[in-house]
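What follows is the residue order along each chain.
Protein chains: 2
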Amino acid sequence: MSKKNVQDKLLIFALGGVGEIGKNMYVVQYGNDIVIVDAGLKFPEEDMLGIDIVIPDISYLTENRDKVRGILVTHGHEDHIGGLPFVLKNLNVPVFGTKLTLGLIEGKLKEAGLLGETKRILINADSEVQLGSIVATFFKTNHSIPDSLGVCLDTPEGRVVHTGDFKFDHTPVNNEFADLQRIAEIGREGVLALLSDSTNAERPGFTPSESVVGTNLEEIFRKATQRVVVATFASNVHRIQQVVNAAAATRRKIAVVGRSMVNVVSIAGDLGYLNIPEGMIIEPEEVNKMAADRVVILCTGSQGEPMSALTRMARSTHRKIDILPGDTVIIAATPIPGNERHVGRTVDELFRLGANVIYGPGSVSGVHVSGHGSQEELKLMLNLIRPKFFIPIHGEYRMLRHHAQLGESVGIERENIFIIDNGDTVEFQGGNARKGSKVQAGNVLIDGLGVGDVGNIVLRDRKLLSQDGILVVVVTLSKQDGTILSGPDIISRGFVYVRESEGLLDEANRIVTSTLNKLMNDNVNEWASLKTNVKDALGRFLYEQTRRRPMILPIIMEV
Amino acid sequence: MSKKNVQDKLLIFALGGVGEIGKNMYVVQYGNDIVIVDAGLKFPEEDMLGIDIVIPDISYLTENRDKVRGILVTHGHEDHIGGLPFVLKNLNVPVFGTKLTLGLIEGKLKEAGLLGETKRILINADSEVQLGSIVATFFKTNHSIPDSLGVCLDTPEGRVVHTGDFKFDHTPVNNEFADLQRIAEIGREGVLALLSDSTNAERPGFTPSESVVGTNLEEIFRKATQRVVVATFASNVHRIQQVVNAAAATRRKIAVVGRSMVNVVSIAGDLGYLNIPEGMIIEPEEVNKMAADRVVILCTGSQGEPMSALTRMARSTHRKIDILPGDTVIIAATPIPGNERHVGRTVDELFRLGANVIYGPGSVSGVHVSGHGSQEELKLMLNLIRPKFFIPIHGEYRMLRHHAQLGESVGIERENIFIIDNGDTVEFQGGNARKGSKVQAGNVLIDGLGVGDVGNIVLRDRKLLSQDGILVVVVTLSKQDGTILSGPDIISRGFVYVRESEGLLDEANRIVTSTLNKLMNDNVNEWASLKTNVKDALGRFLYEQTRRRPMILPIIMEV
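Residue numbers (full-length UniProt numbering), protein chains in the order written: chain D, 1 to 559; chain C, 1 to 559.
Excised from the complex, chain D in its bound form (with noise of 0.2 Å):
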């Protein structure tokens, strides 16, 4: 460990991950010395119209680039490696990860053509990294994708534990048990501030093994007398391990169908993290030449994604595999919030289809569990480590909340409790702790191949667009005397159906035409003036016909 500078400071802050469920993004920082642990994406919020993907703004980062000293994973989920790429394009840092992990991080960096350029290191939950006056250790966890990690940070002024997405799984389907002996040893050589995993603050108990879903879909595979279909999320690889498990036991075949499914398969088979049986997988197009009762489809879709495999094949439109009567469906995934609708209508659209649908939350389908511990395991994690400071992350600030009075609940004291927001700072100095300055953080929103170019008034007007729609109202006026030579033309989309509304548009017609006569009778001639009678009529008439508010766009024109 380097030795410590009197005037230099420990700060720990998130640029993503705290106050919402995504973008995971956190920072510590020892004088001249940033190592990042993990860089993720969050999925739009419904208010984000159009929008593609979010990601962690990283201005403090590219202003403090020759401080970096590299990005520390702890998994491989979307939301802890989706923002790479984007980041990766403006910091030039090695990453560091296990692995599954880089090979995942691998694969994007590939379509982002940054595979060549990026540095990556492999490590294991034994390594050890220097950086700069950091040095990183790791423990083994459980969560619901393999090779996760948590991380210990030894900086010149004490301890940081970073423990990653975890439960603890006390019958993981790998056999690779959560690093308990190393996570105690941890936090009986003193930790000064432990960063923890919120997801589950609000849920009493503990959460249970994965291993019980394995009980439960070979039992589900065994009644089966025709095909089964599971959707699950791509990354879970035990779970795809437990299918394989299931299907082995009662001798059937797998077809493995959807894009990311596929992917995953293949990169998690390739490196050694499935165990699937000589000639069990079998390409989609032979599903329809075995036996019903001795094939499983494994697919992408548990969200009820639009575009997924398993949505087509409930709306028919899959081109390779349709549900048959008597087909078994399991969705073996809990709906996000905000996606309970679509998931619905997939199993409304699957039970029409003459399909058994099991689904619903795993306390009552028992073919889905979480990765995330609940109070009792984040409390056991609080008292393995037994930190002087404690940041709940990863999570809605309910959550971190919920995280705080746990902490609370286990002896931490509540001063020594920072519930922060993306970037704020957390202080450490001479084993003390205070709230920093505040360093930028925020949303940047992708859209297509824009990165950022969506800002706040191209969302406000998406939104007015997607409530009334807008009216285009175009007129050429004659340079030499304002007289009208054209128009006014007024085309609408999203408003009205057009057919069943001519008299209200001829009368929006007459309504511009004679507010600009009495204007260019009054003189008025300038265009903003022009613009803005003619917005305010036609808004105020609109309004009192229809109780609609869409969008006006004066085009005034001189020739």
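Don't take each hint at face value.
The list treats identical chains as interchangeable, and a pair is accepted whether it falls inside one copy or across any two copies.
No farther apart than 25 Å at their CA atoms in a straight line, the calculated lysine to any residue pairs in the SDA-like style are these [said to hold, decoys possible]:
{"#": "1", "residue 1": "438", "residue 2": "353"}
{"#": "2", "residue 1": "89", "residue 2": "317"}
{"#": "3", "residue 1": "435", "residue 2": "356"}
{"#": "4", "residue 1": "223", "residue 2": "405"}
{"#": "5", "residue 1": "463", "residue 2": "312"}
Think of the hints as simulated: they come from the structure by calculation, not from any bench.
Fit chain C to the known structure of chain D by using the hints.
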């Protein structure tokens, strides 16, 4: 009972309420007599952009208006009465309801200017109503609003029972029990067909009694050292009564906040459905003058609705009430699918203001129970009625399917169970039943004052506009020689942030100009062709550059 005509058939169908949650409207027709049960509205689905509410298509009823004998209303919820103002505008028939139900309906009719011309007939559980050849009697049920009824329709072809929305609450708040004896008697006398509420058909067990909420509320009120805010559905009069009781027991006064809450408390109070001690209600303005531990604020906003009282308080934009640190906020409701994120955001904001928030599923929070019976209650109803034929109603397709399975499980023949879509008829004759022909059914969208003037094209345009915005391209051409006199001018809304994309729009301009000039040189000068070419060239360019597909509106003027 009128005599039977050998040629007449009994028809049962839904114009709303099956394959969906909302806009309940069921029709029972025997020969020339049509009886309608309920006329509800539905809130728009997320792809119905800009739509306010959705009501059933009643073309079949208006085409057969001389046969319609009346509308029986089972209870006063919006999804059962909200369509009445629109239906009654086109179909002036008598409306039958209990005191509270009529009270709530009258408010709506008054607003719509229909109160005078609508015949409203007060009924109670003991009423008997002759509707042509059909005789309607009623039975008391439990639901999350008082005065809820089930309907028994004796037709010459046999008896039809419609449960309305129901649960079996053995300890009802108002001591009004579901009339088990009467329901059993109806069943013993023989029932041809049962239509029964499927809302909770996916849920095992029994729905808890509303009374358990009262006990928990009182405990929370007692522990709270400062103000208590309770948000719940305005129409849940039982819940409101329990808030009143808990306030009385803990010597607190109640301020009622939010338009619909004020409305319901006033109507239910006037009609004797609420027992509020003298002097218990205070004005919202008085809240700040009272000791914090003597106050309860009863308000709307349990679904996180953007304009509701609780949401405004959470955002500190309510004119009269501020949330103060230490206040206790109880959200006594479960989010309706689609509202989870709104509720979550409200909870976060309340926590940020320092409130203690009690929320979440009723099984965790203890402050909410459903108004609909779970599987054991649905089976109890099936076994009390023991119908020959069974039509599950009131629910999404998956709920109807589960309910059908419950029907089978208690011994109803599978071929005697009809899962229907809106518009599907079931025909009964001579004790037999079969699917008949379809009648017109569907969604009528209401947007502002427009009823049904927003159709698929308008919605598709709103969707397009919401995703990538719009570009309007305006050019004025010379009538004589086709040269460009003015423009092209490109105006965009909701596409890109213009100031940062000047280069892109300049290039777009050049592409439009060169496309037009090329066409002119080739002597192509029909407008349709000019417009299509500009649209295609510009669309291609923009997609290449941005991977977005804004709506493009070329406007070509000639002078």
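Checklist entry - Okay, which hints does this one fail, numbers in order? => result 2
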